[in-house]
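Line by line, the protein sequences are chains U and B. For the first sequence, our numbering assigns the number 1 to the initial residue and increments by one for each residue that follows. For the second sequence, our numbering assigns the number 345 to the initial residue and increments by one for each residue that follows.
Simulated from the structure, these hints should not be mistaken for laboratory data. Yeah, the Cβ is synthetic: ideal placement off N, Cα and C, and Gly gets one too. Fair warning: there could be bad hints in the mix.
Have a look at the derived ranges for each label pair, beta carbon to beta carbon [said to hold, decoys possible]:
{"id": "1", "chain 1": "U", "residue 1": "L48", "chain 2": "B", "residue 2": "T367", "range": "17 to 27 angstroms"}
{"id": "2", "chain 1": "B", "residue 1": "R569", "chain 2": "U", "residue 2": "V60", "range": "35 to 45 angstroms"}
{"id": "3", "chain 1": "U", "residue 1": "I52", "chain 2": "B", "residue 2": "V484", "range": "29 to 39 angstroms"}
Calculated lysine-lysine pairs in the BS3-like style (CA-CA distance at most 25 angstroms, straight line) [stated by the list, open to error]:
{"id": "4", "chain 1": "U", "residue 1": "K213", "chain 2": "B", "residue 2": "K546"}
{"id": "5", "chain 1": "B", "residue 1": "K586", "chain 2": "B", "residue 2": "K546"}
{"id": "6", "chain 1": "B", "residue 1": "K402", "chain 2": "U", "residue 2": "K213"}
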Amino acid sequence: MAITEEAPPGAAAPQQAAPGTGKRPDQEGWHLSSPLALTLLLVVVVVLQGPIRGALSTPVMQSWMTVFVAVVVQALPFLVLGVLLSAAIAVFVPPSFFARALPSRPALAVPVAGMAGAVLPGCECASVPVAGALVRRGVTPAAAIAFLLSAPAINPIVLTATAVAFPRDPEMVVGRFVASLLVACAMGWLWQRLGRTDWLRPPAHAGHEGQSKGEAFWGSVRHDMMHAGGFLVLGAMAAATLKAVAPESWLRTAADNPVFSVLALAVLAVVLSICSEADAFVAASLTQFSLTAKLAFLVVGPMIDLKLFAMQAGTFGRGFALRFAPATFVLAIAGAVLTGAVLL
Amino acid sequence: MNRQAQAAVLFLTGAALLHAGFTDLYLRYVKAGLRPLLLAAGVVLIAAALATAWYEWKRARRSKGEAATAKAAEAADVTDIADAHEHVHREPRISWLLVLPLFALILVAPPALGSYSAMRTGTALQQPYGYAKLPAGDPVPVSLVDYAGRAVYDHGRSLGGRSVRITGFVAVDRTGAPYLVRMALNCCAADAQPVKVGLTGKIPPVLQPDAWLEVTGRYTTERTRDPVNHGPIPFLQVTAAKPVPTPHDPYDETWNN
């Protein structure tokens, strides 16, 4: 409608805040406020690109931007894969399938779901939307959590990469598999005992009733992409900031003490937010650290990092993520140390 | 953000991925092997954008039809329907963050990691599994990482006294000592780590950090330790150096194979 189209940006914003003021009954469903804002934003940035580039030309800003863009570009294909799988689960797989595939007792469903994580090839960005879709499809949250945590760490691609990165220590591959599965199941059982469903807030999807399968599928893809994508960007910004600003020399002082070295690499895994397919190579290059500390790095990284925390908060709610992240962090370290003591 | 804007953001993000994948731009941020996945993701995002726009257009026609049949009803009822639609359309504000990587990729296109990151990170030289036979020629072209591995772990024996030609960018440490560096990458720039070679001998008088150089020189026993992680840094006795453009793939990806 012409009035809305010609509205200045100042007028567009309040309209967004208070929709449906009764002036636009026959607007054909085209609410132009946010496209207009988007267009204006694009125009402003293109006009001001000279000054913006100038402000971003310092070395620290350039390195920040490069890492930020790299994390997003690297994660997007895996996020797209996860979003497509999640939409396929939501639209084409009936809930009865999961009822039959998983044991009815949650305590048994947890390890089965944890093992099922081995079949999702990809890194951690893909598993968050898939786990969200599983919960919406009626899978018990404890099993979905086990899947969420195990999938990025124990799939064949990641284990192969680990074997390549540690050619002289094949027990690292076994250690990674065992410790990750152990922690994933422990978190599932912990949720089953202590978890409360009101902590979990699965996103309010528009109902699929009265929609064709295609419409429901693409609607789910769009919704998950916009949602998880926004949180991915937030996490990438945090990771790039810490990578560009925090000095790496403190790692050297931590490497000498066995307790600090495990903690230091666990914190580093959270901060760096590296894709689980590449983290083994980074761990292998941290030569001054013990194998157990490296195992902690490999177990913590795919389960919880800044990017994942942001995405989990977006998919399951902030109340969930704030309780889930510290518990995962502590259990992952414990699992890695335990496995390291037995295997390495 | 309503669905039209979401379709636009999805479309632009997909187009940006395709643009990065079809040019060499993506090589500044991720490994070469990720290219097919980037292109596929770009196509899926564009398809999602088109599907969103298509279903939104159909929905608009449908609700127009409903509104026409309900013309006799009061205007307030129709507004209620519009309100309900509006509520379903909204996505959280966090979605707006997706425009940031879009701007960064299309408008700024930040360069590959350079000397700033290299000097803050310890050298990541790993012991090679073996030393492949060098091609013929003097000077022999080798990768910087290959030279560093042979110099440190083989004491230059497999170089057979020949001079080598390596390519990397210049980095200067706090004391002003020059290094030739190549960032080695496993997956994306977030995990890129430098491999450093110290320069000695006939060094060019003016060295600009981040400038790419093709350096010819001979193995020397001189070596030092990286102040960041105490990793070994070999040296090269430079005989000639010339500036070269940034290579097609700025990172060293030999560890991926």
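Each hint, compared with the structure:
1. U:L48 <-> B:T367: 17 to 27 angstroms: 24 angstroms, holds
2. B:R569 <-> U:V60: 35 to 45 angstroms: 26 angstroms, violated
3. U:I52 <-> B:V484: 29 to 39 angstroms: Because 45 angstroms falls outside the window, the suggested range is violated.
4. U:K213 <-> B:K546: 70 angstroms, violated
5. B:K586 <-> B:K546: Cα-Cα ~12 angstroms, so holds.
6. B:K402 <-> U:K213: Measuring from Cα to Cα gives roughly 15 angstroms; hence the hint holds.
This entry does not satisfy hints 2, 3 and 4, going by the numbered hints stated previously.
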